[in-house]
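There are 2 protein chains.
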Amino acid sequence: MDERVREHADVLVDWSARVEAGDDVVLSVGPDAHELAVAVAEKLGERGANLLSTYSSGEITRAYLRAHEGEFDENPAHELALVEHADVYLSLGGGRNTSATADVPGERRRAYNNARKDIRETRLGTRWVSTVHPTRSLAQQANMAYEEYQEFAYDAILRDWESLAEEMAQMKDLLDAGEEVRLVSNGTDLTMRIDDRTAVNSAASVAYDSHNLPSGEVFTAPYATEGEVTFDVPMTLRGESVRGVRLAFEDGAVVDYNAEQGADVIGEILETDDGARRLGELGIGMNRGIDRYTDNILFDEKMGDTIHLALGRAYDANLPDGESGNDSAVHVDLITDMSEDSRLEIDGEVVQRNGRFQWE
Amino acid sequence: MDERVREHADVLVDWSARVEAGDDVVLSVGPDAHELAVAVAEKLGERGANLLSTYSSGEITRAYLRAHEGEFDENPAHELALVEHADVYLSLGGGRNTSATADVPGERRRAYNNARKDIRETRLGTRWVSTVHPTRSLAQQANMAYEEYQEFAYDAILRDWESLAEEMAQMKDLLDAGEEVRLVSNGTDLTMRIDDRTAVNSAASVAYDSHNLPSGEVFTAPYATEGEVTFDVPMTLRGESVRGVRLAFEDGAVVDYNAEQGADVIGEILETDDGARRLGELGIGMNRGIDRYTDNILFDEKMGDTIHLALGRAYDANLPDGESGNDSAVHVDLITDMSEDSRLEIDGEVVQRNGRFQWE
Numbered sequence: 001m002d003e004r005v006r007e008h009a010d011v012l013v014d015w016s017a018r019v020e021a022g023d024d025v026v027l028s029v030g031p032d033a034h035e036l037a038v039a040v041a042e043k044l045g046e047r048g049a050n051l052l053s054t055y056s057s058g059e060i061t062r063a064y065l066r067a068h069e070g071e072f073d074e075n076p077a078h079e080l081a082l083v084e085h086a087d088v089y090l091s092l093g094g095g096r097n098t099s100a101t102a103d104v105p106g107e108r109r110r111a112y113n114n115a116r117k118d119i120r121e122t123r124l125g126t127r128w129v130s131t132v133h134p135t136r137s138l139a140q141q142a143n144m145a146y147e148e149y150q151e152f153a154y155d156a157i158l159r160d161w162e163s164l165a166e167e168m169a170q171m172k173d174l175l176d177a178g179e180e181v182r183l184v185s186n187g188t189d190l191t192m193r194i195d196d197r198t199a200v201n202s203a204a205s206v207a208y209d210s211h212n213l214p215s216g217e218v219f220t221a222p223y224a225t226e227g228e229v230t231f232d233v234p235m236t237l238r239g240e241s242v243r244g245v246r247l248a249f250e251d252g253a254v255v256d257y258n259a260e261q262g263a264d265v266i267g268e269i270l271e272t273d274d275g276a277r278r279l280g281e282l283g284i285g286m287n288r289g290i291d292r293y294t295d296n297i298l299f300d301e302k303m304g305d306t307i308h309l310a311l312g313r314a315y316d317a318n319l320p321d322g323e324s325g326n327d328s329a330v331h332v333d334l335i336t337d338m339s340e341d342s343r344l345e346i347d348g349e350v351v352q353r354n355g356r357f358q359w360e
Numbered sequence: 361m362d363e364r365v366r367e368h369a370d371v372l373v374d375w376s377a378r379v380e381a382g383d384d385v386v387l388s389v390g391p392d393a394h395e396l397a398v399a400v401a402e403k404l405g406e407r408g409a410n411l412l413s414t415y416s417s418g419e420i421t422r423a424y425l426r427a428h429e430g431e432f433d434e435n436p437a438h439e440l441a442l443v444e445h446a447d448v449y450l451s452l453g454g455g456r457n458t459s460a461t462a463d464v465p466g467e468r469r470r471a472y473n474n475a476r477k478d479i480r481e482t483r484l485g486t487r488w489v490s491t492v493h494p495t496r497s498l499a500q501q502a503n504m505a506y507e508e509y510q511e512f513a514y515d516a517i518l519r520d521w522e523s524l525a526e527e528m529a530q531m532k533d534l535l536d537a538g539e540e541v542r543l544v545s546n547g548t549d550l551t552m553r554i555d556d557r558t559a560v561n562s563a564a565s566v567a568y569d570s571h572n573l574p575s576g577e578v579f580t581a582p583y584a585t586e587g588e589v590t591f592d593v594p595m596t597l598r599g600e601s602v603r604g605v606r607l608a609f610e611d612g613a614v615v616d617y618n619a620e621q622g623a624d625v626i627g628e629i630l631e632t633d634d635g636a637r638r639l640g641e642l643g644i645g646m647n648r649g650i651d652r653y654t655d656n657i658l659f660d661e662k663m664g665d666t667i668h669l670a671l672g673r674a675y676d677a678n679l680p681d682g683e684s685g686n687d688s689a690v691h692v693d694l695i696t697d698m699s700e701d702s703r704l705e706i707d708g709e710v711v712q713r714n715g716r717f718q719w720e
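Which chain is which? The protein sequence lines are A and B, in order. Just so we're aligned, residue 1 is where the first sequence starts under my numbering, counting upward by one. Just so we're aligned, residue 361 is where the second sequence starts under my numbering, counting upward by one.
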């Protein structure tokens, strides 16, 4: 076995999920994530945790959903009972075709997801972590050769997380103390309020309220957004290529938009509900192990020297206790490069210029 | 997809497990059984059942067990809760290496199994069915080419089960009415009592108390065995080749044994406990879709024109209510060919001669 697979398992089990003896662990395995699952199982055995593996296959989901007439039972008891009794939920993504469910009607998928809300929320109450095993289909999605993609993915995943968490803590402190953020770049001059909001130091560990591996971003929930922003990082949204998106904000809401490509998808997202026109997240990418875009949001939004803004739902972790932030059925991240001709200001102080933070 | 995979799924879901709308189904998927799992998922969607897939990999089990220090938690709550809430449990065997757990110490495996008794018994309380997807590793175990093995397996699985169940009912009636069975063949002249015992018509369906697909045997729990028997069908037991086993019985218990090959394994089995020297099962193979031995007990023991006897534990289904039959930690099936120079008698009446039943 490639030694990096074992190192990935070590980071996932010890740093990310903090697994201990006696933990009841659900290991969700994608069809091509078998090798990582074997390495994780070894690690769980060492720790004395209890292992149950589930199988997460897009082809199985597709076959099931297409054959089903569409009225789904609410929160099937066996699956709900499983997650209710789980301490840890580890998801190892990695299939053979990232488009495996492409021909499942959206309505069928939504009905299925809506019927499983309690299962989903219960799962989110465990020490859950999502990661991916670098597979050939993910390499293809990233326009990379297989070995090239493995190097890319392990560079992102096998960081010195403790040291990165310390660096990110500086950004969190600045955001927690700040009142207003300003982003300036080509086609961007945007201000937003962050008073009373708490930033999350997303250091790829449940100990930091962070549930993705890789992670490496600091994010908060902005409001009262004003100005214009251009997102120059291309991505696929709802199966369509989107590039060069521009949004204009007044009083916190989008009042105008256009795009070099995929403007119709952006329009569709903005029309979802009222919250979809407002921001739910400002995220600052700080994982310099990620050095290029791969059209996979798990990696792209954490890339060093990028910033992302999400249209839609805000996370509770950023809000004062009992306060609800921006609400929406969507949360769509859009990314902009901050490595050139750019600056990030907090209360008028330049915190990052052309990709360099003030402490660098 | 090969149409036979879909037909296999149809038999499994409708004939074997009798799945209905609203059933909570656990689908246990082997690493190479993916294609059958997709076909089963489609069928479960059609039926309106609720699907959760688990992943059953020998390599994961090996990694976990070898790394574990050996003291296992009793019946982990998440897995127990899952089976407690399951109506149906479908196991789709099919890995990439039938020896995947060969280097797991026996003691570790036993400790793991002992700690999971409630989980196992709860699972046996569901409508459970075990089947296999014909994989390359199973073909290799059977000394067959892949396509040759597929034909073999589907001949065994895709029977007219309703019609076979009717034929097997005749054998069940004869055994239920009978008091003594005699087997005569080369190296075999054995009598055993079957009074008060109830035969099971194992027709590959939970509706017949039958949990294997393929099945196709009628079995009961004999006692007071006397005489000699030779098992001429070769098999692998505990990793060793066993061939030409001869057992001599007096007063229901083995008093002498030898074998052309693997006598030490037979000796080890007989010394397990008192019950291991007595018979727990007499089974009559009636699936003529199985026309050769493949060193896989799921198929071999159901082969038409064979009889198998198991040393060890008897099944409750064969016994009068409240009565306990032969008890043992083992249940080891041994098989003999009845197609030539052989006869099966019940109370002195020849029921099968040289592989022909009296109604044929």
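Hints in this document: simulated from the structure, not taken from any laboratory. Here the structure is a predicted model, which is why all the values come from computation and not from measurement. By construction, the Cβ of each residue, glycine as well, lies at the ideal position given by its N, Cα and C atoms. Treat the hints with care, as some may be off.
[Stated by the list, open to error] Label pairs and their calculated CB-CB ranges:
{"#": "1", "chain 1": "B", "residue 1": "R378", "chain 2": "A", "residue 2": "Y257", "range": "49 to 59 Å"}
{"#": "2", "chain 1": "A", "residue 1": "E71", "chain 2": "B", "residue 2": "D515", "range": "32 to 42 Å"}
{"#": "3", "chain 1": "B", "residue 1": "E481", "chain 2": "A", "residue 2": "R18", "range": "26 to 36 Å"}
How the hints compare with the structure:
For R378/B and Y257/A, the Cβ-Cβ distance of about 55 Å falls inside the hinted range of 49 to 59 Å, so the restraint holds. Distance hint for E71/A and D515/B: a CB-CB separation of about 39 Å, consistent with the stated range 32 to 42 Å. For E481/B paired with R18/A, a C-beta distance near 33 Å keeps the hint of 26 to 36 Å intact.
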